[in-house]
Amino acid sequence: TTTVRIFSPELLAVNGFNTNLEMFKLKQKSISVNISGKTKFEVKSLTPDLDTLYISQKDSSAVVFEMSPDYKKSETFHVKYVAADVKGFSVLDLGHGQIDSLQLTIADSSGILLSGGTLKKKHK
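In terms of the working numbering, the sequence shown opens at residue 0 and continues consecutively.
Rather than coming from a laboratory, the hints here were simulated on the basis of the structure. No residue lacks a Cβ here, since even glycine has one placed at the ideal position from N, Cα and C. It cannot be assumed that every hint is accurate.
[To be verified] Dumping the calculated DSBU-like pairs for lysine-lysine here, alpha-carbon to alpha-carbon at most 30 Å:
hint : residue 1 : residue 2
1    : 120       : 43
2    : 37        : 86
3    : 57        : 37
4    : 120       : 86
5    : 86        : 24
[What the hints assert, rightly or not] Pair by pair, the computed Cβ-Cβ distance ranges are:
hint : residue 1 : residue 2 : range
6    : 6         : 29        : 29 to 35 Å
7    : 74        : 100       : 19 to 25 Å
8    : 10        : 92        : 27 to 33 Å
9    : 82        : 36        : 33 to 39 Å
10   : 23        : 75        : 15 to 21 Å
Starting from the given sequences, assemble the full structure and let the hints guide the process.
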(Lines of atoms letter the chains of each structure in order from A and count residues from 1; the text may use other names and numbers.)
(Lines give C-alpha, C1' and ligand atoms only; values in the text may rest on other atoms or scores of the structure.)
Protein backbone atom coordinates (compact mmCIF):
# COMPACT_ATOMS: atom_id res chain seq x y z
CA THR A 1 0.00 0.00 0.00
CA THR A 2 1.08 3.54 -0.73
CA THR A 3 0.30 6.42 1.58
CA VAL A 4 -1.21 9.48 -0.08
CA ARG A 5 -0.89 12.73 1.86
CA ILE A 6 -3.43 15.40 1.01
CA PHE A 7 -2.71 19.07 1.73
CA SER A 8 -5.74 21.03 0.65
CA PRO A 9 -7.39 24.15 2.04
CA GLU A 10 -10.80 23.15 0.62
CA LEU A 11 -11.68 19.55 -0.17
CA LEU A 12 -15.39 18.68 -0.23
CA ALA A 13 -15.26 14.89 -0.58
CA VAL A 14 -12.81 12.00 -0.39
CA ASN A 15 -13.34 8.59 -1.99
CA GLY A 16 -10.81 5.83 -1.39
CA PHE A 17 -10.39 2.12 -2.06
CA ASN A 18 -7.47 0.00 -0.80
CA THR A 19 -5.21 2.95 0.03
CA ASN A 20 -3.86 4.95 2.96
CA LEU A 21 -4.89 8.60 2.94
CA GLU A 22 -3.63 11.28 5.31
CA MET A 23 -5.14 14.74 5.24
CA PHE A 24 -3.22 17.36 7.19
CA LYS A 25 -4.15 20.93 8.09
CA LEU A 26 -7.84 20.66 7.19
CA LYS A 27 -9.40 24.13 7.45
CA GLN A 28 -12.91 23.60 6.15
CA LYS A 29 -15.91 22.92 8.35
CA SER A 30 -17.55 20.06 6.41
CA ILE A 31 -16.38 17.00 4.49
CA SER A 32 -17.85 13.86 2.97
CA VAL A 33 -15.83 10.62 3.22
CA ASN A 34 -16.57 7.41 1.31
CA ILE A 35 -13.98 4.67 1.74
CA SER A 36 -13.87 0.93 1.25
CA GLY A 37 -11.53 -2.01 1.00
CA LYS A 38 -8.50 -2.03 3.26
CA THR A 39 -8.28 1.76 3.48
CA LYS A 40 -7.15 4.05 6.27
CA PHE A 41 -8.11 7.73 6.17
CA GLU A 42 -6.66 10.04 8.81
CA VAL A 43 -7.70 13.69 9.12
CA LYS A 44 -5.80 16.25 11.18
CA SER A 45 -7.88 19.42 11.41
CA LEU A 46 -6.80 22.99 12.13
CA THR A 47 -10.46 23.90 12.71
CA PRO A 48 -11.76 23.09 16.21
CA ASP A 49 -15.41 23.77 15.23
CA LEU A 50 -16.77 21.61 12.41
CA ASP A 51 -20.26 21.76 10.91
CA THR A 52 -20.95 18.41 9.22
CA LEU A 53 -19.16 15.11 8.68
CA TYR A 54 -20.71 12.55 6.32
CA ILE A 55 -18.84 9.25 6.62
CA SER A 56 -19.48 6.02 4.72
CA GLN A 57 -17.18 3.06 5.36
CA LYS A 58 -17.23 -0.60 4.44
CA ASP A 59 -15.06 -3.71 4.22
CA SER A 60 -12.15 -3.28 6.68
CA SER A 61 -11.55 0.45 6.56
CA ALA A 62 -10.51 2.89 9.27
CA VAL A 63 -11.28 6.62 9.60
CA VAL A 64 -9.70 8.87 12.25
CA PHE A 65 -10.53 12.53 12.90
CA GLU A 66 -8.32 14.51 15.29
CA MET A 67 -6.82 17.95 15.77
CA SER A 68 -3.60 18.77 13.96
CA PRO A 69 -0.44 18.93 16.09
CA ASP A 70 0.00 22.41 14.55
CA TYR A 71 -3.13 23.50 16.45
CA LYS A 72 -1.50 24.23 19.80
CA LYS A 73 -4.59 24.76 21.98
CA SER A 74 -6.56 21.57 22.56
CA GLU A 75 -6.91 18.03 21.20
CA THR A 76 -10.70 18.27 21.43
CA PHE A 77 -12.88 19.43 18.57
CA HIS A 78 -16.59 20.18 18.22
CA VAL A 79 -18.90 18.88 15.45
CA LYS A 80 -22.50 20.03 14.98
CA TYR A 81 -23.64 16.96 13.00
CA VAL A 82 -22.18 13.56 12.09
CA ALA A 83 -23.88 11.02 9.81
CA ALA A 84 -21.95 7.75 9.70
CA ASP A 85 -22.67 4.47 7.93
CA VAL A 86 -20.06 1.94 9.07
CA LYS A 87 -20.16 -1.60 7.64
CA GLY A 88 -17.97 -4.69 7.59
CA PHE A 89 -14.98 -4.78 9.95
CA SER A 90 -14.51 -1.01 9.86
CA VAL A 91 -13.56 1.39 12.66
CA LEU A 92 -14.47 5.08 12.98
CA ASP A 93 -12.50 7.11 15.54
CA LEU A 94 -14.09 10.39 16.66
CA GLY A 95 -12.77 9.97 20.20
CA HIS A 96 -11.68 13.58 20.78
CA GLY A 97 -14.85 15.04 19.25
CA GLN A 98 -17.74 16.65 21.11
CA ILE A 99 -20.68 15.94 18.80
CA ASP A 100 -24.06 17.69 19.07
CA SER A 101 -26.12 15.49 16.75
CA LEU A 102 -25.21 11.98 15.69
CA GLN A 103 -26.90 9.70 13.14
CA LEU A 104 -25.28 6.25 13.13
CA THR A 105 -25.78 3.06 11.15
CA ILE A 106 -23.28 0.48 12.40
CA ALA A 107 -22.77 -3.18 11.49
CA ASP A 108 -22.36 -5.69 14.32
CA SER A 109 -18.71 -6.27 13.40
CA SER A 110 -17.83 -2.54 13.15
CA GLY A 111 -16.69 -0.15 15.86
CA ILE A 112 -16.94 3.55 16.68
CA LEU A 113 -14.87 5.48 19.22
CA LEU A 114 -16.75 8.40 20.78
CA SER A 115 -15.90 10.76 23.61
CA GLY A 116 -17.55 10.48 27.00
CA GLY A 117 -19.14 13.90 26.45
CA THR A 118 -20.78 12.75 23.22
CA LEU A 119 -22.06 9.55 24.83
CA LYS A 120 -23.55 11.52 27.74
CA LYS A 121 -25.45 13.75 25.27
CA LYS A 122 -26.63 10.70 23.33
CA HIS A 123 -28.08 8.98 26.42
CA LYS A 124 -29.96 11.97 27.88
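Hint-by-hint comparison with the structure:
1. Using a Cα cut-off of 30 Å, the hinted pair residue 120 and residue 43 holds, with the two alpha carbons roughly 24 Å apart.
2. Between residue 37 and residue 86 the alpha-carbon distance is near 12 Å, which keeps this suggested pair within the 30 Å criterion.
3. The straight-line distance between the Cα atoms of residue 57 and residue 37 is roughly 9 Å, inside the 30 Å bound, and the hint therefore holds.
4. Restraint check: the Cα-Cα separation between residue 120 and residue 86 comes to about 24 Å, which is no more than 30 Å; the hinted pair holds.
5. Using a Cα cut-off of 30 Å, the hinted pair residue 86 and residue 24 holds, with the two alpha carbons roughly 28 Å apart.
6. Between residue 6 and residue 29 the CB atoms are about 18 Å apart, so this pair departs from the stated range of 29 to 35 Å.
7. For the pair residue 74 and residue 100, the beta carbons lie near 22 Å from each other, so the given range of 19 to 25 Å is met.
8. Judged by the Cβ atoms, the range 27 to 33 Å given for residue 10 and residue 92 is violated: they are separated by roughly 19 Å.
9. In this structure, residue 82 and residue 36 break the distance hint of 33 to 39 Å, their C-beta atoms being roughly 21 Å apart.
10. At about 18 Å, the beta-carbon gap between residue 23 and residue 75 stays in the expected band of 15 to 21 Å.
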